[in-house]
Amino acid sequence: MTGFLLRRLVETAILLALMSFAIYGLIGLMPGDPIDLMMTADPTLTSADIARLKTVYGLDQPLIDRYLAWAGSALQGDFGYSRIYAQPAAAVIGDRLGNTILLMGGAFALALALALPLGMLAAWRSGRPLDHAINLVAFAGISMPQFWLAILAIILFAVILGWLPAGGMGDGSIGGSLNHLILPVVTLAIASTGGILRYVRASMREALRQDFIRTARAKGVSTARLLWFHALRNAMIPVVTILALDFGALFSGALITETMFSWLGMGKTIYDAIMGNDYNLALLGLMIATALVLACNLLADLAYAWLDPRVRYR
Amino acid sequence: MTQLAATRRIAAGTLPPVGFFAALRRQPLALVAAVIIATLALLSLGAPLIAAWLDTPADIVDIMNRYAPASAEHPFGTDELGRDLLVRLAYGGRISLGLGLVAGLAAALLGIAIGLPAGYYGGRLDSLLMRMADGVIALPLLPLLIVLAAIDLTKLGLPAEWAHSPATSFWRVAILVALVGWTTVARLVRGTTLSLRQRDYVRAAEALGARPARIMLTHILPNLATPILVALSLSIGNVILFESVLSFLGLGIQPPWPSWGNMLTGAQELIWSAPMLAVWPGLLIFVTVIAFNLLGDGLEAALDPRGRD
Numbered sequence: 001m002t003g004f005l006l007r008r009l010v011e012t013a014i015l016l017a018l019m020s021f022a023i024y025g026l027i028g029l030m031p032g033d034p035i036d037l038m039m040t041a042d043p044t045l046t047s048a049d050i051a052r053l054k055t056v057y058g059l060d061q062p063l064i065d066r067y068l069a070w071a072g073s074a075l076q077g078d079f080g081y082s083r084i085y086a087q088p089a090a091a092v093i094g095d096r097l098g099n100t101i102l103l104m105g106g107a108f109a110l111a112l113a114l115a116l117p118l119g120m121l122a123a124w125r126s127g128r129p130l131d132h133a134i135n136l137v138a139f140a141g142i143s144m145p146q147f148w149l150a151i152l153a154i155i156l157f158a159v160i161l162g163w164l165p166a167g168g169m170g171d172g173s174i175g176g177s178l179n180h181l182i183l184p185v186v187t188l189a190i191a192s193t194g195g196i197l198r199y200v201r202a203s204m205r206e207a208l209r210q211d212f213i214r215t216a217r218a219k220g221v222s223t224a225r226l227l228w229f230h231a232l233r234n235a236m237i238p239v240v241t242i243l244a245l246d247f248g249a250l251f252s253g254a255l256i257t258e259t260m261f262s263w264l265g266m267g268k269t270i271y272d273a274i275m276g277n278d279y280n281l282a283l284l285g286l287m288i289a290t291a292l293v294l295a296c297n298l299l300a301d302l303a304y305a306w307l308d309p310r311v312r313y314r
Numbered sequence: 315m316t317q318l319a320a321t322r323r324i325a326a327g328t329l330p331p332v333g334f335f336a337a338l339r340r341q342p343l344a345l346v347a348a349v350i351i352a353t354l355a356l357l358s359l360g361a362p363l364i365a366a367w368l369d370t371p372a373d374i375v376d377i378m379n380r381y382a383p384a385s386a387e388h389p390f391g392t393d394e395l396g397r398d399l400l401v402r403l404a405y406g407g408r409i410s411l412g413l414g415l416v417a418g419l420a421a422a423l424l425g426i427a428i429g430l431p432a433g434y435y436g437g438r439l440d441s442l443l444m445r446m447a448d449g450v451i452a453l454p455l456l457p458l459l460i461v462l463a464a465i466d467l468t469k470l471g472l473p474a475e476w477a478h479s480p481a482t483s484f485w486r487v488a489i490l491v492a493l494v495g496w497t498t499v500a501r502l503v504r505g506t507t508l509s510l511r512q513r514d515y516v517r518a519a520e521a522l523g524a525r526p527a528r529i530m531l532t533h534i535l536p537n538l539a540t541p542i543l544v545a546l547s548l549s550i551g552n553v554i555l556f557e558s559v560l561s562f563l564g565l566g567i568q569p570p571w572p573s574w575g576n577m578l579t580g581a582q583e584l585i586w587s588a589p590m591l592a593v594w595p596g597l598l599i600f601v602t603v604i605a606f607n608l609l610g611d612g613l614e615a616a617l618d619p620r621g622r623d
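Keeping their order, the protein sequence lines are chains A and B.
Residue numbering for the first sequence follows this note's numbering, starting at 1 and increasing by one per position.
Residue numbering for the second sequence follows this note's numbering, starting at 315 and increasing by one per position.
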């Protein structure tokens, strides 16, 4: 187990390093560069100044050297300054990370609370009208463009009914923040429920086919206990793994939701940074998102081993 | 189906039909989905006819007639530039559906090229390729797609005029979404190939000395037609969703070309004055994607022998 963990940790670190190089290279290909931006800000710059600035910022170096220089300071905790916010990029991200965790955590919990019972119900009533109805709802969730769902929610709850704010973070009080959190959380949860529901349904169907279920039923175990205890325990093994692997999709969803509702989280920060030529911030945001996803993949492997005693890692 | 019930149904002559199309007929949702897709495709193909019938060319700007409500002249009203919404939706469908088809096919080809050798050779190649597929699925795709879509093509040495044209944006988005959409196809193709390569006719071909490439292309690939169809249907739904969100964020199809995604770009600012402008394009994306997903699901159920009872 320890050997397995170590090997996966090393693999993850290598993958993260490769991804960071790829992202660094891609960011360099985005429109404009820091010198262009300085030229727009200060038209009196001469071409000699520009050449000098390029040397100062190391932009005349080859890509691999620039990357190594960036990675070197990044490893020491220096991620450079954010152009938009005029603060260290790490400080900007630090502020936003908590907001994203709040949004994603809330949405994930709500999605799970909807998907588990519905998925079990569908599997239990497999092939009946109720199953078909739940399946259709799940497909509706998967097929819904999230940004459109957000627009519809804003039209209904903010414009027509006027119950909830259309976006923003509130005044900082707990009540105000919660009020602003409801629409984003519900939108993200609805968009995530369909996928989870389909996993739970498929996995429960498989579990309900097993012999031990028939045995338990023959022993006179009640239906509720059969579903929630005997079947769910076994059905959850693949579901937990898939949920951890789905973290990337949840993060993509958070990016859309945050952008639509002006919720100041990681996703909106990354989007704004990319659109605003804030290279350091975009780079750091993307790296953290990737690192989180890779950590979740690692967690998925470990959870699989922990939940299923039959799995033994060498 | 229990043994007893099957016996009874054989006696009554109502045993479920065998064969793919017969099985598909037992998936009413998939049939409805196919009809919806056909209708939307016809609507898009007939865009010039609709424009001629309403006597409003697609790109005519009529500032005096902005945000007109639905009327006989403009059945869905007009947009922020006074253009007829129905005509725009029909032309947008050409782009959105066309891109779904092109990118879906590209994703399918990529998925076959990866899934077929993985399933046929197995072993290390298989685990490497499938790990790659898992990796692509697990990545935070949207942020990475946004970066890829934001890349300045002129920095890669392409002429500026060409790099910023709507046609280029179409092909760029198609390539990008195909790069993330191949995993479904690859997995299904790999799974089916794994079981097909154990078949006697494949072993016979191997014994006769046929080369792997020949076995894969002439003996296995034709038998993959139906799973590929399933995966293609699911992929098209997926790539249309990705295209719509990229176009919505201003990084996909560039105006003046309309797509259902970029028609929603300005809609969020207009929800107070013209909410219906935000409703129609999104509804069409939703209906199209759910139709492709239901079609794929129905095809899969029709293929699955366990689903036939």
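Bear in mind the hints are in silico, worked out from the structure with no lab data behind them.
Bear in mind the structure is a predicted one, so any value in this text is a computation, not a measurement.
Glycine included, C-beta positions come from ideal geometry on N, C-alpha and C.
Check each hint, because a few of them may be wrong.
Unchecked claim - With a straight-line Cα cutoff of 25 Å, these simulated DMTMM-like cross-link-like pairs (lysine to aspartate or glutamate) come out:
id, chain 1, residue 1, chain 2, residue 2
1, B, 469, A, 131
2, B, 469, A, 60
3, B, 469, A, 49
4, B, 469, A, 65
5, A, 54, A, 42
6, A, 54, B, 466
7, B, 469, A, 33
8, B, 469, A, 42
Said to hold, decoys possible - Quick look at which bits of chain A chain B covers, simulated, 3 or more residues with Cβ under 8 Å:
id, stretch
9, 38-50
10, 235-241
11, 264-273
As the list claims (entries may be wrong) - Below, a sample of chain B positions facing chain A; criterion: calculated Cβ distance under 8 Å:
id, residue
12, 447
13, 451
14, 452
15, 460
16, 462
17, 464
18, 540
19, 542
20, 543
21, 558
22, 585
23, 587
24, 599
25, 600
26, 603
27, 608
How the hints compare with the structure:
1. B:469 to A:131: Status violated; Cα separation ~53 Å.
2. B:469 to A:60: 15 Å, holds
3. B:469 to A:49: 22 Å, holds
4. B:469 to A:65: Satisfied, since the Cα-Cα distance of roughly 19 Å is no more than 25 Å.
5. A:54 to A:42: Given pair residue 54 of chain A, residue 42 of chain A holds - Cα atoms ~15 Å apart, limit 25 Å.
6. A:54 to B:466: The given pair, whose Cα atoms are some 20 Å apart, holds under the 25 Å limit.
7. B:469 to A:33: This hinted pair holds, its Cα atoms lying about 11 Å apart.
8. B:469 to A:42: With Cα atoms ~23 Å apart, residue 469 of chain B and residue 42 of chain A stay inside 25 Å; holds.
9. 38-50: With 0 residues in contact (Cβ-Cβ under 8 Å with chain B), the coverage given for the stretch 38-50 of chain A is violated.
10. 235-241: Per the Cβ count (0), the hint is violated.
11. 264-273: With 3 residues closer than 8 Å to chain B, the stretch 264-273 of chain A meets the three-residue bar; holds.
12. 447: With a closest approach of 11 Å, the residue 447 of chain B hint is violated.
13. 451: 7 Å, holds
14. 452: 5 Å, holds
15. 460: At about 6 Å, which falls below the 8 Å cut-off, the nearest Cβ of chain A leaves the hint on residue 460 of chain B intact, so it holds.
16. 462: 7 Å, holds
17. 464: 5 Å, holds
18. 540: 20 Å, violated
19. 542: The hint is violated - residue 542 of chain B has no Cβ within 8 Å of chain A, the shortest such distance being about 21 Å.
20. 543: Status violated, d = 18 Å.
21. 558: 5 Å, holds
22. 585: Interface hint status for residue 585 of chain B: holds (5 Å vs cutoff 8 Å).
23. 587: Violated - the Cβ of residue 587 of chain B stays beyond 8 Å from chain A, reaching only about 10 Å at its closest.
24. 599: 5 Å, holds
25. 600: At 6 Å from the nearest chain A Cβ, residue 600 of chain B passes the 8 Å test, so the hint holds.
26. 603: 4 Å, holds
27. 608: 6 Å, holds
Hint check: violations occur at hints 1, 9, 10, 12, 18, 19, 20, 23; the rest are consistent with the structure.
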